[in-house]
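2 protein chains.
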Amino acid sequence: MAKELKELTPREENYSQWYNDLVVKADLAENSAVRGCMVIKPYGYAIWEKIQRQLDDMFKETGHVNAYFPLLIPKSFLSREADHVEGFAKECAVVTHYRLKNSEEGKGVVVDPEARLEEELIIRPTSETIIWNTYKNWIQSYRDLPILCNQWANVMRWEMRTRLFLRTAEFLWQEGHTAHATEEEALEEARKMLDVYAEFAEKYMAVPVVKGIKSANERFAGAVETFCIEAMMQDGKALQAGTSHFLGQNFAKAFDVQFVTKENKLDYVWATSWGVSTRLMGALIMAHSDNNGLVLPPALAPFQVVIVPIYKGDDQLAMINEKADALVKELKALGVSVKYDNADNKKPGWKFSEYELKGVPVRVVLGARDLENGMVEIMRRDKLEKTSVAYEGVAQYIKELLNDIQANIFQKALDYRASVTREVNSYDEFKVEIEKGGFISAHWDGTPETEELIKQETKATIRCIPLDGDTTPGVCMVTGRPSARRVLFARAY
Amino acid sequence: MAKELKELTPREENYSQWYNDLVVKADLAENSAVRGCMVIKPYGYAIWEKIQRQLDDMFKETGHVNAYFPLLIPKSFLSREADHVEGFAKECAVVTHYRLKNSEEGKGVVVDPEARLEEELIIRPTSETIIWNTYKNWIQSYRDLPILCNQWANVMRWEMRTRLFLRTAEFLWQEGHTAHATEEEALEEARKMLDVYAEFAEKYMAVPVVKGIKSANERFAGAVETFCIEAMMQDGKALQAGTSHFLGQNFAKAFDVQFVTKENKLDYVWATSWGVSTRLMGALIMAHSDNNGLVLPPALAPFQVVIVPIYKGDDQLAMINEKADALVKELKALGVSVKYDNADNKKPGWKFSEYELKGVPVRVVLGARDLENGMVEIMRRDKLEKTSVAYEGVAQYIKELLNDIQANIFQKALDYRASVTREVNSYDEFKVEIEKGGFISAHWDGTPETEELIKQETKATIRCIPLDGDTTPGVCMVTGRPSARRVLFARAY
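Going down the list, the sequences are from chains G and B. With the numbering used here, letter number 307 in the first sequence gets 594, and the count goes up by one each step, no holes. With the numbering used here, letter number 178 in the second sequence gets 465, and the count goes up by one each step, no holes.
Derived by calculation from the structure, the hints in this document are not laboratory data. Note that the coordinates shown come from a computational prediction; the quantities given were computed from them, not determined experimentally. Do not take every clue at face value.
With a straight-line Cα cutoff of 20 Å, these simulated SDA-like cross-link-like pairs (lysine to any residue) come out [to be verified]:
#1 Lys347/G with Pro589/B
#2 Lys673/B with Phe639/B
#3 Lys633/G with Ser428/B
Just a sample of chain B residues kept apart from chain G, beta carbon distances all over 12 Å, derived [said to hold, decoys possible]:
#4 Arg448
#5 Gln545
#6 Glu617
Output of the computed footprint for chain B on chain G, the stretches with three or more beta carbons under 8 Å from beta carbons of chain B [as the list claims (entries may be wrong)]:
#7 309–323
#8 350–356
#9 420–430
#10 436–445
Here a beta-carbon is modelled for each residue, glycine too, at the ideal position from N, C-alpha and C.
All chains, please: the whole structure from these sequences, using the hints.
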């Protein structure tokens, strides 16, 4: 069993298969009987709950409240905003009937043709339309603004090719939808939430991100400007980890949401929306893990420490149990989450493999002989390094070790990203370099046509125009036309 | 504005309208553009979040973990369990297509007839079928048991007559789904979760409940036994607040989930499921509120205390702000949630009405003159009683007052229930008494036919066979046949 558990396809051999193996074998998620929809298993969901709780706290600290809007959207709502309908109304789940009946052959149930809806309903792919239709009734005056709502929900996009967490038909996410009296305030909100996402990614997920602006091609359907955070995975592919949209007055105009300004004039309301999803789970897994399994940042691990006893006979176990219970208590008092696994139907070796696979940041082995000498064995998952440490004071040692692990895996990801990020100055060079993966910083003439050509020829897209990047002008590597600044290219998930 | 806000229809005049007014005017929820689907507004959602957090903690303390299963269920799954399909496969949202396309007239989008699903998918009305289809792959041996999963999710039942929170097409809930090796263990689990629900209802919602067993007519479709908690509303109607089902081996057989027992034999797995929903919001609102608005139990109030300043001029305000900030700090240190509302665009009278309407348990008025004398004014929402209290030590006073309010509204609901619960010994008497509302304890012959007759003639149903009730045998009030014991009747939501 231990062997089978460990049998991940090596990353070097087949990265994509390694990822799938890992998600399934570490009990994070699996495919369901419904095409493209996943089951998030308890261990995977426990990580998602940590992500949710942390983000939710950060949203509330920045003045947001939660609410809940309907799952279903009238078909006609999608058509109200011209770009939005192009982006979202196509591949989606359509509810056409509201009743089943027993089949006339007496076997099973069939759709009742008499229960056809007058207007079809769409399972929300995103909620701008239903929310702005609601805000219309909430907003009359500048005194009703801003509205700073967030929703935790499931959404559905009928993707043809799905991958657990990274691209699924149904996924879980949060979507913030805010309404403002001025353009400046809405823009500030969109930028603020981008910063919240970036802070979350770097501080909690230990995933360094580039903050930037999307090109027109990659912009959210209905947005004036899309801000994003882009992360780099270990296979050299980029992953968009979160987006924050400045929607201008597009949705207010589509749903006729006007308000009386302080100056007693009528104006349309300014909007933002911003979201991150269970896709973050994919980023978390791919950014840090290795051939032994998951590597989880301590800040998001369902439990940060596992204690495993090694003993012969009940007397030794009783002694170790006592030491373990005391350590558990000490660790909890320090705010460290811990699991003591003294189940007797699994061997220590099996447990070691299992918790490595599941990415538990720190393993403590309590061996009878070591304990007689006042020592315990500590293994840190990120470096797979073992150390012998005195039992006295080990809780404090572990607490500091967890901080060190969190910092180390972030630094490792940062170093990796630096090693695969480079400037390129000709399209020929670009075509060679893009094959090696990573971020490529290059000049582009700013047109959708050139971007599309590059995508067709190299499968690379503009990940973003970095907010903090080099702003020296130059010439486009493809057309030779003027370029305002370098932008970041990569192949992406 | 203050007047308009306060204008709830009086309970005595039209209870149903009073409830609707309250839900909408206290900013809890409203109807959406989609028939039967509600928008849960931020203040309402904040209460739901408190409910969720507390229940989730209680589930975890009793060994459960969260997971997530697909929103959509293949139509054929519903037919696998014979009773289940009768109960759930009829009024539900059916997804038949997965794509829209631009209409040929160039206006809007239409369903693409080429994108018809081979098998229709149903938006989950409850998840037993998809979950047991998943558990099939998780369970081989008794070592894989028990499985103790819970899911927080949205579900949909195409109700014809909907009422905010009480009966909506889409609602939010949690559904626990557990798998066990023995009948005893599954039964114990179903009973344990009933106890968790009852404890939550009484301790946090301050709503007394009767624990009992449902008659066959009222049993969950697919269950062997349904346990429930039943609450009494202020209009004399009962409300089912939560159910816990012992499912026997019904779903294991329907989805062929067998396991190897300790004795190395093959057996079907034993199951439970249990759930509470946003319907609890309806119970919470109706159990305690009055003609001035909501009355919230302190344990679930989004904020427990509101502080309102009364002042003339900036000097007085500055002085009061200082006192208020100190009080806020003290209250927070005591674990009391508090809002200081010193917005200058609303008058104190407006604020008083608003926070009464929203059911904030304690109001503190900081008046400039009172403060000069070292006094503040406290109003408790449940009794609408004002007291003058010394500023020194007021935080501790408020903390104790909150406990008193929580206990008082529970006691009040308990007293009310006692006043409307009585024994009846003839059907004639029953027909008179049922018109007055409340719980009626009466003898019944145990047959579905008699229950159905009573329901047809009086609109009363058997709410439950109480677990702790009188077990003296008698004769059925309708048929005169032997009755094993008294059961509880009521008209119900």
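Could you work out which of the previously given hints the structure breaks and list their numbers from low to high? none
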